Amino acid sequence: MSLSAFLSGRRLLVVEDDWFVAAALVQSLEAEGAEILGPAPSVARALRALEEAEPAPDGAVLDINLGGERVYPVAEALRARGVPFVFVTGYDPGAVPEAHAAAPVLSKPVTMAAVAKALFEDGGG
Amino acid sequence: MSPGAADHRMRGLVQRHDWRATPLGPLPGWQASLKAVTDLILDNPLPMIVLWGDDLTQIYNDGYRVIMGDKHPQGLGQATRACWPEVWDFAGPIYEAVLAGASRSYEHQNLLLRRNGEMREAWFDLTYSPLRDDGGRIAGVLVTVVEVTAQHRAETGLSDSEARLRALITASAEITYRMSPDWTEMWSLEGKGFIPDATATKTSWLDEYIFAEDQAQVGGAIDAAIRDKAVFELEHRVRRLDGSVGWTLSRAVPILDARGEIAEWFGAASDITARKETQIRLEEIELRQRVLIEGMPQLVWRSDVDGDWLWVSPQWEAYTGRPAEELLGRGWTASLHPGDHARVAAAWKRAQSDGLLDIAVRIRHAPDDDARWCQTRALPVNAPDGTVLEWVGTSTDIHELRTLQDAQAVMVAELQHRTRNLITVVASLARQTARTAPEPQAFADAFGQRLQALSRVQGLLARSDIEPITLRKLLTLEFDALGPKAAQSRIGMSGPRVKLRRTSVQTLALALHELATNALKHGALAQEEGRLRVSWTLGAEGGGDRRLRIEWAETGVTVDGAAKTRVGYGRELIERALPYSSGARTTFDLREDGLLCLLELPLHKRKHGEVAG
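In the order they appear, the protein sequences are chains A and B. Its first residue numbered 1, the first sequence is counted upward by one per residue in the working numbering. Its first residue numbered 1001, the second sequence is counted upward by one per residue in the working numbering.
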């Protein structure tokens, strides 16, 4: 069983401000059988999507930089609900604050296998 | 005068002497003339002797007794030849001449005399004159003698020292000269091959030896020496034998006469041309070095082996705003950033073994009232035996460089980010193109055009720091890219100058590209009657954010049924991508006579800059 098979049937929140990146990610995740919440381009939209999600999503893929604002409030909300998440960033990893230092960070562009491993094998953030 | 000269002992001796034993006979029988002259000399203080008769019998006075030495007393009444055999060669011919009527005088006559048992050299001033008897015939000789041995010795001693001085002057390498009391005349000068000799008095010596531009300085020193009757001493330039410039150290002493006035000047001068030229070269090197050190932007310092500073270049004062004396010793550490003290101490310790100090430190910069990064490098100055004498260091302000490096790091990260993002966009374009253009050729055409549109907007973004991206520029670029097929006369644009947000430019450009391409293929630019008008306005919304409202209106177009149902990539960008990324509100309305598309974009800046994730 390939790692990406973990994604099949999962409900995943995607937070990514760039439409092209979001569209590509959504398309790739859907191709692996995942169900997508969002995508959300901002912290406010992501928190709203999270609130409306019932039951809680199985995992989340979070772009760190959302048009200048940071995704960390979303990460805290996910942690509060016990939802595993993975950061993705176009920058080199290493700039994540201490509170989230344990969360996995992936560099763009990400592969589905890497997302699956980070969320469901390593346990996410 | 000798002690016996004035005691008149000789008068008694002459009176008591037994003259019967001499050719003169008993005293009472002497001729009146002999008695008279004897009487005369015995009262005279000058040394005198009377030689009378054929034997030249001697009668002498107290003064002469000294000259007789140990020939006295037996010399009284003795024949002079018997008494003075040692000087007969000299005296004999004189007596002969005087007895013949002449008189003679001699100065500083040198005679060898037997005195106190020894032959001694002595000097005399002598006069010889004839004495006449009562009959008027010459019968004797009167000799007056003044011994000048002591005076002679003093004079010859003086001329000996003169001779020695002359020898010294000749032997010496020094140039010597004699000047008149007021220096208007040069009496003599021995130039020793360095400068011309003066064998006769020269009145034009100043012009001959001293360059015109130096005459005032030399003249000033001379005037001061004359005024103070003090030693003249000056280093000055001279015109050498060959006319070239030489340097001399010249000293002259005034020689004073009995009244204390200057009689002449005696001087000596040495050729210091080589030393002076070396000195001038060294001074030039030193000056150049100082200009270099004080002119360069680096801060220069010297330190002893313990890190106590000995010297700082003037730039330090300007940089730190503290006087040099405050920086010396350990004072410089007070201008270091407190956070760097430990690092500097460690670096200094390492430098002792490495032989090099090289560290970036923060130094307080007074004009900014802030610390700035400086690269400090220092090397030890070694003695020939290898021991370290001191350290010489420079501190270079590299603050701008470091700031630029930091900015560059941010830029590289940003570039990396944009590149990754761009690849995602390209991948997305490829997917979307493949969905609608399954034929390879159609894919290649459409994908190529979209890549070009993307490339154009990247070009605008790269220059956007210098040249803001306006909506009109973006539109013009897209319409120009349509090529000659697009009739520009059918396109109208109107609206105020609007700067676009960098984050929304890329998606907006791609959307406009799709709209323009569609207009050329199927819409207003494809049909004779078609017209395209793009107009835009700026307005404020309830929330206070400024919004840009763009209206893309195509008219005079016959829309075919198939186009109505086609959901192109342009439409997807407009209806989905722009609202998603930019918070735009859009409508896409394909009407009977052409497309009407409305785009409303917020123009406010986002809080945390414009970088999209």
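No lab work stands behind these hints, which were simulated from the structure alone. These numbers were taken from a predicted model, which means no experiment stands behind them. Ideal Cβ positions, reconstructed from N, Cα and C, are used throughout, including at glycine. Be a bit skeptical, because a hint or two may be false.
As the list claims (entries may be wrong) - Just some of the chain A residues that point at chain B, by a computed CB distance under 10 Å: (1) D17; (2) F20; (3) Q27; (4) R79; (5) T111.
To test your reading of the hints: which numbers does this structure violate?
As far as the earlier hints go, 4, 5 are violated by this structure, in ascending order.
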